[in-house]
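Trainee: Take a look at the letters that make up each chain.
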Amino acid sequence: MIDFVVPSLGADMDRATLVGWLVEPGDVVKKGQIIAEVETEKGVIEVECWHDGVVEELVVEPGPEKLPVGALLARIRPLEGAPTPEPEAQPPTQALKAPPLRPTAREVAPAPPIRQLAHRLGVDLTRLERTGPGGVITRDDVLRGASALAGQGSPAGIVPARGRKKASPRARWLASQLGVDLDSTSASGPEDMVVAKDIEAAPATTLEPEDKVAAMRRAIARSMSHSKREIPHYYLATHIDLDKSLSWLEAVNAERSISRRILPAALLLKATALALREVPELNGHWIDEEFHRSEAVHIGVAISIREGGLVAPAIHNADQLELGEMMELLRDLVTRARSWRLRSSEMSDPTITVTNLGDRGVETAFPVIIPPQVAMVGLGKVVDAIVPVKGSPVAHPVIHVTLAGDHRVTDGHRGGLLLSTLEGLLQEPESL
Amino acid sequence: MTLIAEKKTITYREAVREAMSDAMRNDERVFLMGEDVGRYGGCYAVSKGMLEEFGPDRVRDTPLSESAFVGAGIGAALGGMRPIVEVMTVNFSLLALDQIVNTAALYLHMSGGQFNVPVVIRMATGAGRQLAAQHSHSLEGWYAHVPGLKVVAPGTIEDARWMLATALDDPDPVIIFEHVGLYNMEGELPENGAPVDLAKAKLRQSGTDVSLITYGGSLPKVMAAADELTQEGISADVLDLRVLRPLDIPAIIDTVTTTHRLVVIDEGWKTGGLSAEIAARVAEDAIWELDAPIRRVCSAEVPVPYARHMEQAALPQVADIVATARALVGR
Amino acid sequence: MSETSHLHDLLWQMLRIRRFEERSAQLYQEEKIRGFLHLYIGEEAVAVGVMGALEPEDAVVATYREHGHALARGVAPGSVMAEMYGKVEGCSRGRGGSMHLFDADNRFYGGNAIVGGGLPLAVGLALADHLSGRRRVTAVFFGEGAVAEGEFHESMNLAALWDLPVLFCCENNLYAMGTAIERSESQTHLTLKAASFEIPAWEVDGMDVVAVEEAAVKAVESVRSGGGPHFLEFRTYRFRAHSMFDPELYRSKEEVGEWMSRDPIELLRGRLSAEGLLSEDDWEAMEEKVGAEVDDAVEFAEEGSWEPVGDLSRFVYSEVGGQ
Amino acid sequence: MTPQQARQIIFDVLTDIAPEVDRNTVDDNRDLTEQLDLDSMDYLTWMIGIAEQTGIDIPQRDVSEFLTIATAVTYLVEHHG
Chain A
1 MIDFVVPSLG
11 ADMDRATLVG
21 WLVEPGDVVK
31 KGQIIAEVET
41 EKGVIEVECW
51 HDGVVEELVV
61 EPGPEKLPVG
71 ALLARIRPLE
81 GAPTPEPEAQ
91 PPTQALKAPP
101 LRPTAREVAP
111 APPIRQLAHR
121 LGVDLTRLER
131 TGPGGVITRD
141 DVLRGASALA
151 GQGSPAGIVP
161 ARGRKKASPR
171 ARWLASQLGV
181 DLDSTSASGP
191 EDMVVAKDIE
201 AAPATTLEPE
211 DKVAAMRRAI
221 ARSMSHSKRE
231 IPHYYLATHI
241 DLDKSLSWLE
251 AVNAERSISR
261 RILPAALLLK
271 ATALALREVP
281 ELNGHWIDEE
291 FHRSEAVHIG
301 VAISIREGGL
311 VAPAIHNADQ
321 LELGEMMELL
331 RDLVTRARSW
341 RLRSSEMSDP
351 TITVTNLGDR
361 GVETAFPVII
371 PPQVAMVGLG
381 KVVDAIVPVK
391 GSPVAHPVIH
401 VTLAGDHRVT
411 DGHRGGLLLS
421 TLEGLLQEPE
431 SL
Chain B
1 MTLIAEKKTI
11 TYREAVREAM
21 SDAMRNDERV
31 FLMGEDVGRY
41 GGCYAVSKGM
51 LEEFGPDRVR
61 DTPLSESAFV
71 GAGIGAALGG
81 MRPIVEVMTV
91 NFSLLALDQI
101 VNTAALYLHM
111 SGGQFNVPVV
121 IRMATGAGRQ
131 LAAQHSHSLE
141 GWYAHVPGLK
151 VVAPGTIEDA
161 RWMLATALDD
171 PDPVIIFEHV
181 GLYNMEGELP
191 ENGAPVDLAK
201 AKLRQSGTDV
211 SLITYGGSLP
221 KVMAAADELT
231 QEGISADVLD
241 LRVLRPLDIP
251 AIIDTVTTTH
261 RLVVIDEGWK
271 TGGLSAEIAA
281 RVAEDAIWEL
291 DAPIRRVCSA
301 EVPVPYARHM
311 EQAALPQVAD
321 IVATARALVG
331 R
Chain C
1 MSETSHLHDL
11 LWQMLRIRRF
21 EERSAQLYQE
31 EKIRGFLHLY
41 IGEEAVAVGV
51 MGALEPEDAV
61 VATYREHGHA
71 LARGVAPGSV
81 MAEMYGKVEG
91 CSRGRGGSMH
101 LFDADNRFYG
111 GNAIVGGGLP
121 LAVGLALADH
131 LSGRRRVTAV
141 FFGEGAVAEG
151 EFHESMNLAA
161 LWDLPVLFCC
171 ENNLYAMGTA
181 IERSESQTHL
191 TLKAASFEIP
201 AWEVDGMDVV
211 AVEEAAVKAV
221 ESVRSGGGPH
231 FLEFRTYRFR
241 AHSMFDPELY
251 RSKEEVGEWM
261 SRDPIELLRG
271 RLSAEGLLSE
281 DDWEAMEEKV
291 GAEVDDAVEF
301 AEEGSWEPVG
311 DLSRFVYSEV
321 GGQ
Chain D
1 MTPQQARQII
11 FDVLTDIAPE
21 VDRNTVDDNR
31 DLTEQLDLDS
41 MDYLTWMIGI
51 AEQTGIDIPQ
61 RDVSEFLTIA
71 TAVTYLVEHH
81 G
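Protein chains in written order, with this note's numbering: chain A, 1 to 432; chain B, 1 to 331; chain C, 1 to 323; chain D, 1 to 81.
Since the hints were derived computationally from the structure, they do not count as laboratory data. These figures come from a predicted structure and were not determined experimentally. We treat Cβ as the ideally placed atom computed from N, Cα and C, and that holds for glycine. Some clues are possibly wrong.
One side of the interface only, derived from the structure: several residues of chain A facing chain B at Cβ under 10 Å [as the list claims (entries may be wrong)]:
1) S168
2) R170
3) A171
4) R172
5) L174
6) S188
7) G189
8) P190
9) E191
10) M193
11) V195
12) A196
13) K197
14) A201
15) F291
Starting from the given sequences, assemble the full structure and let the hints guide the process.
Mentor: In structure tokens:
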């Protein structure tokens, strides 16, 4: 007599309840036939019988009782002539055992959900091509089988999964960094492969806006948590008299048509870029426990997104731009950022970032450095303040400027030099 | 005409000879030993004329006993000499494999640091001269497999001239592979050369689109391929490994990080070869830099045949290198 | 040193090898020593006799059955035992084990576990002496099994061709592992092989340490004075199995018994006793001295330390400079 | 240009910048930047858009005319040739 017991279907399964019998006493059962259903923590699972025989007795009735693995469920009488299997003897010695052979392709049972799907679609599992690891039947195999059955296309409501698109490792890495969806990029590389160039040319994300916002939130969470965990920030703040700069800018703008008008932000960015030449230790990246100074000044501009979130794409070589060019690039960047059309190259390489919260009425910003950068400049609101001019109190527009520095790379002294250089530059706006 | 460095025209063969003669003039412990290195002048005429200058004790003809004379070179090194052992071709060196792999490579480690083996073993390698299978193989990778050995492959006249001095100065066994196709190569040799660092690969050409990594006899082919690529507007970074063990991994990673595309050109076979090692290292250390599959241009997996057209078909060719690089760049 | 005390010295040397190895076998079964352990028991007269003929500046190249050679050459028993324990205080820092004993101070070049592999090396060491004009001798030990290797023939030829100061010491214990010499050599008179290279050669009773020493002294003198390589065939026998895991299916107990009746230690002891040159007290004192020395060696090994794993890649290449 | 046309243009450009803006709920007489959370760049972009659509350049001194929808409509109607 053969015992049919609660099988161990996984290492973490130790009990199950019997949901139902698919056979009755006296039924002939075949090896591999599903004869019972049990409920586990992972759901209802069909249980196969491993021997040919006749059901002698169903020992347990379906019910809520939790049965441990190994509990007797039924007795099966072997067919006449078939030997009763003996329990496997333990090997007599402790000799080194060869590793057990992996089951061959034909023996790997498809996962229950796959079997269920096949059942629903009326597909014969034994006739399917097996493309899964180790020869297991995959969902795709079943779907293909179903299409063949139907003679045309896919069964209604079921879309076959697409093949994995070929992409170079670098392209995959870039795509993950930049949130680019590989499936929607063009593939210009060898063998129709998506390569880095394709990712760089792709819009930064082609996900749906809700997904984009969520993905961006996650990216910000990761980056900022990392920053606050790893980077020992120091903060310096000062206020800078913008009287000369703003008067000069007003005069300049008076000569310009609206489309060529320059905002103070552009002037401040340009001045920051130039000031960084004086304090290059703030311009670069901290990678592998080491500061890598950047020759080029690529200023990241923190841009808030209307749907929520923030991006900080770079204005490349900001120290070498004419003010007009700077303004044009800045406007273009903001427009594209807010319509999710940034280029990945802009996302990947800022050497320092500037955040301008003045428009939002914030007086002083205390920014969190974006790793692997080592500094961030915060610009606050321009306010009127009483400043001494030739010994007399005069009201001038003043801006609060903050610097967050990475203490592993610089100290407050160097950071202070950036702020004082910035102040000096803004007193001679015509030189910008 | 500038006078920055005096230059003279010289063959690769002469450069090796000059290196050996120079070493023997400067250091009494140095001597040359091998089959037909003396009276015959060397199978590839590398040591021609040296017997006359240094005499039969220091330019020592040996019987055809690769294991004994390579082992004797190792023993002499242990005994305080600085032998240069010439093995006619790498195929023959298999008769001395026991001494090279079981003795030279192991003694320092096995003796807990007591016995280093400052021997230099030179051998010809490679195909292209219709010498057929038993004289044409490139087994550099086999030796590069073994810790304890240093394996170098001068691919230029300058390296042929200057690697030997460093090899002789090295306290450990150094195997120098000279590609038969290079012996007749002619070129200018600056007078003020200096010993070559046996730890560093050398960038022979800087480029941005694709990395071509190679060594030894394939270097001239790769340079020719790089020229063709330049004309097509593809800029190749050519890295000459020079040292096959220990590999200059940072240099390999650097070039891949620069171009993101890699072609390895190796006259050895692909299977289990040096090219496989390089590909594996790049996959281990720089996979996310790769913007295209790694490609290898190697010898066909056959013994090198005699007939010229068949021999050439079995070997990496400039056109293969160009086509492979071009495809990687996506043109 | 008087003749008697010299003979006592030879006896003592053989005895310490014997007791050292007996203890090694025990330690192997206690799993203190692992890997292969090849015992020299029965053959002690060869190493002891030959080493006595060599000068400190001479070189020795040995096989993987070389505890006796190392001890007779002067390598400290403690460092040999520590080596077998795998301790960093061992003569090869625990990198070599039983088969790879090395000692630069004693010009002891291993400890070579490739049969025949040491022969070309010895030729090279002699070549270095020859080229440098030094009157030194390199003694290389190998079994009769090595005679079947190409490296034996190549090296004999090269040494003779170049007239190099090598003393080839063939320890013919009749079995290459389990293969009897009759089953591996068409010519079992090994001196005839040497003669074909025009190398002077003698057969020597390898169980008689005095005979071994006499032959070695004569050969070394000739080699040192420019007589070119010499070849000595020592007829000897290993009393123990090839290594520790060997049921000895290839030879009879009778044959082993016969050879053991000519135990080199018992031979010399018997001779000295018969001549009244060794009293029971002398013998017991010798045993006691040897026992203490072996105890010390074991204690040294026990107290030794393990090399830090961080040093794993040391000595693959030289650390600074050269020799 | 009628006030309706001006209004149409103003909102078309505005919803390009701030798509969530509902023209029915915008207060014609409130400061736009506060009301719709526009920053100076949005604001400038909006005016540039209006200038492009209408062909009316908006000199620096007139920027304050665009603080509310109402004033902007008036400005455009007055300045359209």
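Trainee: Quick check: which numbered hints come out false for this structure?
Mentor: Per hint list: 14 and 15 violated.
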